[in-house]
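**Q** Sequence:
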Amino acid sequence: MSDTDDPAVRFEDGLAELEGTVRKLEQGELPLEESLAAFERGMTLVRALGAKLDAVEQRVELLLRAADGTLTRAPMEDEP
Numbered sequence: 132m133s134d135t136d137d138p139a140v141r142f143e144d145g146l147a148e149l150e151g152t153v154r155k156l157e158q159g160e161l162p163l164e165e166s167l168a169a170f171e172r173g174m175t176l177v178r179a180l181g182a183k184l185d186a187v188e189q190r191v192e193l194l195l196r197a198a199d200g201t202l203t204r205a206p207m208e209d210e211p
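Numbered by this note's numbering, the letters in the sequence shown go through residues 132 to 211 in order.
Think of the hints as simulated: they come from the structure by calculation, not from any bench.
Hints may be right or wrong, so weigh each one.
Label-pair restraints from in silico Cβ distances [unchecked claim]:
hint, residue 1, residue 2, range
1, 178, 199, 28 to 34 Å
2, 187, 158, 29 to 35 Å
3, 194, 146, 39 to 45 Å
4, 163, 190, 38 to 44 Å
5, 168, 144, 15 to 21 Å
6, 143, 197, 24 to 30 Å
7, 165, 200, 53 to 59 Å
8, 199, 157, 40 to 46 Å
9, 186, 154, 24 to 30 Å
10, 141, 196, 25 to 31 Å
11, 197, 163, 41 to 47 Å
12, 181, 160, 47 to 53 Å
As the structure is a computational prediction, the values presented were derived from the model and not from experiment.
Backbone N, C-alpha and C fix where the C-beta goes; we use that ideal spot for every residue, glycine too.
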């Protein structure tokens with residue numbers, strides 16, 4: 132598990148790391164192996180941050196449905 136998968140890691144911290152990684156890659160001054168490692172880390176961050184955004188979107192949708200009265204309770208995390 133990467134540190135971006137850890138719920139304690141803030142989205143903003145992961146995004147800042149991704150921005151720094153992109154900046155390094157855009158400068159084009161890294162050796163090939165370091166560029167590849169940076170690209171891989173960037174892709175890991177993109178996936179993890181996307182998953183965090185998806186989870187937040189689902190929570191917001193549940194809250195909105197509950198506010199409308201269309202949902203009586205929020206399902207547990209392991210419920211389908």
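**Q** Hint by hint, work out which the structure violates, then give me just those numbers in ascending order.
**A** 3, 11 and 12
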